[in-house]
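A.B. asks: So the chains spell out like this:
Number of protein chains: 2
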Amino acid sequence: ASDDKGQLLFHLLGLRAHLAATGRDTPAVTLKFLIEGEEESGSPNFEALLAERRDRLNCDVVVVTDTGMIAADTPSTVTGMRGLAVCTVAFHGPDLDLHSGVFGGAVPNPATAIARLAAALHDDSGRVQVPGFYDDVVELTAAERELFSRVPVDDAEFLGVAKSRALAGEQGFTTLERIGARPTAEVNGIGGGYQGAGGKTIVPSDAFVKLSFRLVANQNPHTVIKAVEAFVAEHTPAGVAARIDWEGEGVAPCLVPLDTPAYGALSDAISRAFDGLPVLPTREGGSGPEAAIQQALGAPMVFLGVGLPDDQIHAPNEKVALSMLYKGAEAAALLWAGFAGLGRSGLT
Amino acid sequence: ASDDKGQLLFHLLGLRAHLAATGRDTPAVTLKFLIEGEEESGSPNFEALLAERRDRLNCDVVVVTDTGMIAADTPSTVTGMRGLAVCTVAFHGPDLDLHSGVFGGAVPNPATAIARLAAALHDDSGRVQVPGFYDDVVELTAAERELFSRVPVDDAEFLGVAKSRALAGEQGFTTLERIGARPTAEVNGIGGGYQGAGGKTIVPSDAFVKLSFRLVANQNPHTVIKAVEAFVAEHTPAGVAARIDWEGEGVAPCLVPLDTPAYGALSDAISRAFDGLPVLPTREGGSGPEAAIQQALGAPMVFLGVGLPDDQIHAPNEKVALSMLYKGAEAAALLWAGFAGLGRSGLT
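Here the protein sequences come in this chain order: G and L.
Per this note's numbering, the first sequence runs over residues 47 to 394.
Per this note's numbering, the second sequence runs over residues 47 to 394.
Covered stretches of chain G (in silico footprint by chain L; criterion: 3 or more residues with CB under 8 Å from a CB of chain L, positions within the stretch not fixed):
(1) 133–144
(2) 147–160
(3) 208–217
(4) 220–231
(5) 244–257
(6) 279–293
(7) 328–341
Calculated pairs, DSS-like style, for lysine-lysine (alpha carbon to alpha carbon, straight line, at most 27 Å):
(8) G/K246 to L/K51
(9) L/K246 to G/K365
(10) L/K246 to G/K51
(11) G/K272 to L/K246
(12) G/K365 to G/K209
(13) L/K365 to G/K246
What the hints contain is simulated information worked out from the structure, not anything from laboratory work.
By construction, the Cβ of each residue, glycine as well, lies at the ideal position given by its N, Cα and C atoms.
Whenever a hint applies, use it, and build me the whole structure from the sequences.
C.D. replies: Structure (C-alpha cells):
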C-alpha cells in the first residue's frame, strides 16, 4: 500500500541494488531506519521517542518516504509540509434561549457574534485577517513560483476531485501555491441555536465555531495560537463570554530548501531513476510530524516517496504501483552513492 | 390565566357593570365577541375565517384583549405589534466534506460563506444592512419617544430577566424602542460542518442559517422577503448554491395611531378605571394576527389588556391578578359608554 507499508519496502530493494552495483558489503553511508507507525493517529509518542533515542538517531541527513509524486511520468519530490493549529471557539451569551420578539435586537446574540468572528477571519481577497498571521511566512521566491508553475496540476481536474463548482482562496496565488505554500484559516464547523426544521424565533444562548489554521515555514504554532486568541478576544462583544479549546500545541510546518547539497543529491538520484526526467518540487497541503524530526535531530531533510494520486490511500483497495517501487528503489540506491560522494563535510 | 382565558372574562364583568351603571338592557354600542383559540399555533385558520365571516364581523372599532400593562400601578396600552418573516438559508458548496489540508483555501467554504452572510446582516452600529430594509419604517415621532421614555422599564431588570450581561442592538434607540418600535434581523440558529467534540480538519459541504426579521409599521413582509432574497443572492459566493425556505408569507405589523377618537376613548376609559393615572403607550416586540384583523375589517383598533409581566404566561402556574381583572372590567364598562358618546360618525 502506498501510505505507507509498500513504500517502506523499496528501501530494502534499493539497499540490495546499491550493494550489488557498488560491490560493497555495507552501504556507502551508514543507514538508520526509523519506522513510525502512529502517524495516522497524530504520532502521540513520536516526539518523546525522538528525545529519548536522540543519540541513536544522530545523523547527517533525514530521508522521509511518506510522500508521493505528481504522476508516474512526472517525478517530483515534496519540499514542504504545512503545520497545523486547531481549535473550537465557544461563545456564551444570555444564560437561556430567549424569545426573539421580546429580547431580539436588545441583547447580544452569540450566533451573530460567532458568525462575525468567522467572517472577520478573511478579507474579500481571501487574506487571513488575524494580526501578525503572515509575519513569519517564508514567501515563495520567483524561482520557486516558476518551478511550481511547471507542475502539471489542472484546475479543472482539481475541481472534479473536490466536486466543487469554483476555486476560491487567497488572491494572487495559484491553486498549488494556495494549498502548498500559503497558510490558511478554515471554518471546519459552526453551530448554535435552533437546528431543527422550520423556524424558531429565539436569541440563542450558545454558539461555536471550529477553526483550523494550516501553517507554512517559518510560522510557529505557538505564536499563531496567541495571535488567534487575541483576535477572538477582539471579536468578542460585550456580554458574550468566549472560551477557546485548542487541540494540543499544534504542529510545526517544515520546509526543504532547494539549494542544499542533500536536495541536489536527491534530485539527481530521482532524475536518474526516472530516465533523466527533471524533478519538480511540490509541497503537501497536509501536516505530519516531519518538523518534529527536523527539530529533534537538527539535520537537513529530503523526501523520497513514490505514491501516486490514484493509489486510493485511506480508501478500500489502497495500492502501490510496482513500477514506482522499483524506481524508488533505484533512486534510493543512487542516493546512498550520491551522499557518499558528497561526504559528511559536503552534506552538512 | 393572563394569556388569555382570564382576560376574556373581564369583558363579561365589564358588560354587566356597563348595563348596571347605565340602566340599559343592551349595551350602548353593539358588541361582537370574537374568540381566537389558535393564536399560539400561528392562527392557521384565522385569516380564512375573517374572510368567510366578513359580513358578520363588520364593525366600527376593534378592541383586542391579548395584551398586558406595565405594572399594576402603571396603566398602559399596547399601540403596536411587530410583524415577522422567518427563513432558513442553506448554502451548498463542494458535494462532499473535503480534507482541509488538500483543499482548504482553494475551494469555497459554505460555512465561511454562511458566517459572512450572517455577519453582513448588521453594521457595527447594529443597523440591518439589507438594502431597503428601513425604507417603509414609520419612524417614532418626538412625542412618541417622549411617551416611551416615561415607561418605567429598567434596563437592569430587563437584563436580569434575559439573564444577559449586556445590552446590544441598534444604536440611538432605547431598549424599549429597540424591541417595540424598531425592526430587527436575528440569527435564530446556525450550523454546518463538524459538530462533535475536538477538531476535524474538513471543508464542509453544507451550512445553514435560520433568520427572523421583526417588522414594524409600515413594513410589508412580502417586500422584506424579496429584499432578503436579493441580499442572500448578493452574498452567495461563486461555487456555492443558495436555497431559501420561508415560513409562510410572513406576518404584517400593526400600529395604533395615538391621535384617533378610538384611542382617546380607550385611554380615557383606562385612566378612569385606574384612579385617574395617565395611560402610557407601549408596543409589543412579538407578533400576532392583529394586522390580519385590521386588513380584513378595515376598522381602527385599540388594545385593552390587563396582563402583568409576572403573570408567568406560557409557564407553570400562569395566573391573572383579580384586581387587574376588575380594573379591566371597569375600563371596558367605561369604554362602551365612551364609544357611544362619540357615536359612529365620531369614531370613524
